[in-house]
Amino acid sequence: MVTVAHVQLSSCCGCLVSLTDTYEKLLDVLGAIDLVYSQTIADAREIPEADIILVEGSVCLDDHHAMEIAQDVRKKAKILVALGACAATGGITRFCRGGQMSKPIHSSFSPITEVVKCDLAIPGCPPSPEIIVGLITAAIEGDMEYLAPFSEFAKNNTEACGCDVIEKVVNKSLCMGCGCCAASCPTRAIEMVEGRPLILNEVCIKCGCCGFQCPRIELPKNVMVLE
Amino acid sequence: MDAFGNYKSVISARIADKAVLKKVQDGGIVTAAFVYGLENNLLDGAVVASVGEEFRAVPKVATTVEEILEAAGTKYTTCPNLSVLKQAIREYGCEKVGVVGTPCQIIATRKSLKYPVGFRHMNDKIALTVGIFCMENFPYNGMKTIVEEHCGVKMDDVAKLDIGKGKFWTYTKWGETKSIKLADTHPYEQIACHVCTDYTAELADISTGSVGSPDGWSTVFARTEKGEEFLNGMVESGYLETKPVNEGKFGLELLAKLANIKKSKNQKEIDHRKEIGLPVPY
Ligand SMILES: Cc1cc2nc3c(=O)[nH]c(=O)nc-3n(C[C@H](O)[C@H](O)[C@H](O)COP(=O)(O)OP(=O)(O)OC[C@H]3O[C@@H](n4cnc5c(N)ncnc54)[C@H](O)[C@@H]3O)c2cc1C
Ligand code: SF4
Chain A
1 MVTVAHVQLS SCCGCLVSLT DTYEKLLDVL GAIDLVYSQT IADAREIPEA DIILVEGSVC
61 LDDHHAMEIA QDVRKKAKIL VALGACAATG GITRFCRGGQ MSKPIHSSFS PITEVVKCDL
121 AIPGCPPSPE IIVGLITAAI EGDMEYLAPF SEFAKNNTEA CGCDVIEKVV NKSLCMGCGC
181 CAASCPTRAI EMVEGRPLIL NEVCIKCGCC GFQCPRIELP KNVMVLE
Chain B
1 MDAFGNYKSV ISARIADKAV LKKVQDGGIV TAAFVYGLEN NLLDGAVVAS VGEEFRAVPK
61 VATTVEEILE AAGTKYTTCP NLSVLKQAIR EYGCEKVGVV GTPCQIIATR KSLKYPVGFR
121 HMNDKIALTV GIFCMENFPY NGMKTIVEEH CGVKMDDVAK LDIGKGKFWT YTKWGETKSI
181 KLADTHPYEQ IACHVCTDYT AELADISTGS VGSPDGWSTV FARTEKGEEF LNGMVESGYL
241 ETKPVNEGKF GLELLAKLAN IKKSKNQKEI DHRKEIGLPV PY
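So the sequence lines, in the order shown, correspond to chains A and B. Take 1 as the starting number for the first sequence in the working numbering and just add one per residue. Take 1 as the starting number for the second sequence in the working numbering and just add one per residue.
Calculated from the structure, these hints are not laboratory results. Be aware that a few hints might be false.
To be verified - Here are the simulated DSBU-like cross-link-like pairs (lysine-lysine), alpha carbons at most 30 Å apart as the crow flies:
1) K23(B) / K265(B)
2) K25(A) / K226(B)
3) K125(B) / K221(A)
4) K125(B) / K25(A)
5) K257(B) / K221(A)
6) K160(B) / K221(A)
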């Protein structure tokens, strides 16, 4: 049985809610894995070694507990997954700047992908239940082809932003105006104007969705086969 | 080279309703599919390109037959259909959505189904994808320049636009027909179209276009089981008239020729961009 742990750092728990939002599929998933650690839904106090550790939330660099957990999960996981925007790209915690009670010194937050090497990262705020199940299933089955975009994302997209589709697509003469980026955005920070995305920067929460979904950045081969 | 991608069957067809046939682009396959879907409870909405002011293309979630009919006809400009995909499910509460799109939009739809990162609970609600053949598209002002400067027609007066027989045709609301050579429209093409190697919407459930069939008829591929079942249903319940597709010089042969031209030309552009260090979708 594949062992899975869910670890929460600086986050809202929405990613775990998203995992449980798979209704009947959750039972299939739970049937196929052994959930060895999850503070929200199970009793275990110590993070054990596990095949897959899903980390949600970013790491507060000013909190030594968080830093220790980040190091610890890297050692204990065979596959370390940055689950959701905060873990993968920083997300909303990119805007943290400290000065608030009761820990005004807690001012610096980085996605875990920037603190330790992560094997896979799933952007999204939250990532859809279907994509979490898809990733776990692929990891269990060893479907490396399916996992490739997540491994790529963990390596190269820690600083995601709505600007990604401008810089990597529009500016590179690749945008054909499908509107997929706009639909994927959870905050409606993308408006389509004259067939091109326009980023409302004050609204963008740097979740990484648009850049991940744009078919003109990455077009996995398995998408190109008719099923 | 594989010109068309995988498919189960190919036919020529047109919508049986003669009144509607007048309003559609070619054989009205897209319109017929969505009307059939809505009327037979196989769809409860469709993402389409409706017409805005001055013949702009505006993405829309259509939930009634009237709205489907209103969106018939080709707009030769980018229409971000997918931008309203999630809206169809969230705000309109659709559970069986049809999607029409150019090949790139169908590819984008497939990717969002395979990797639905920002698309919660969408997978099982896309009931049908209908792809339209596409050689290239134009930004709105590109299309406008062709129509206004080259054809001498105001956008407000446009009734229908069409590409065929080597020309770009403008039909006005007052019954006039103007055209220019397709070669003269090349400067206004969307350059991002030049890295696309899909002509016949190879990943759609059903793909359709004008090339390969006589005027007023469409060439139709059923590619997936779902697509074939849908198409058979349309034929059986009398929504479509069909005839065997012409294999010859003005039929599939011509279609294959155009598809291969697009593929090889744009593959060269992809290779060229790679060579000079520009990114291409990987
Ligand atoms: C840019 C472009 C280039 C094309 N090039 C070719 C070609 O080279 N060869 C060929 O055979 N056919 C081409 N077509 C397809 C052709 O023009 C017709 O759209 C197709 O045959 C469907 O006709 P119909 O009568 O079945 O559709 P209709 O029943 O008239 O319905 C057309 C449907 O297409 C949707 N639509 C219209 N414009 C757009 C758009 N810009 N983006 C997304 N959806 C849209 C409408 O919402 C409508 O639902 C092209 C279409 C476009 C948009
Ligand atoms: S998702 Fe579509 S509209 Fe958005 S940047 Fe990519 S190609 Fe352009």
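Which numbered hints does this structure break? 1 and 6
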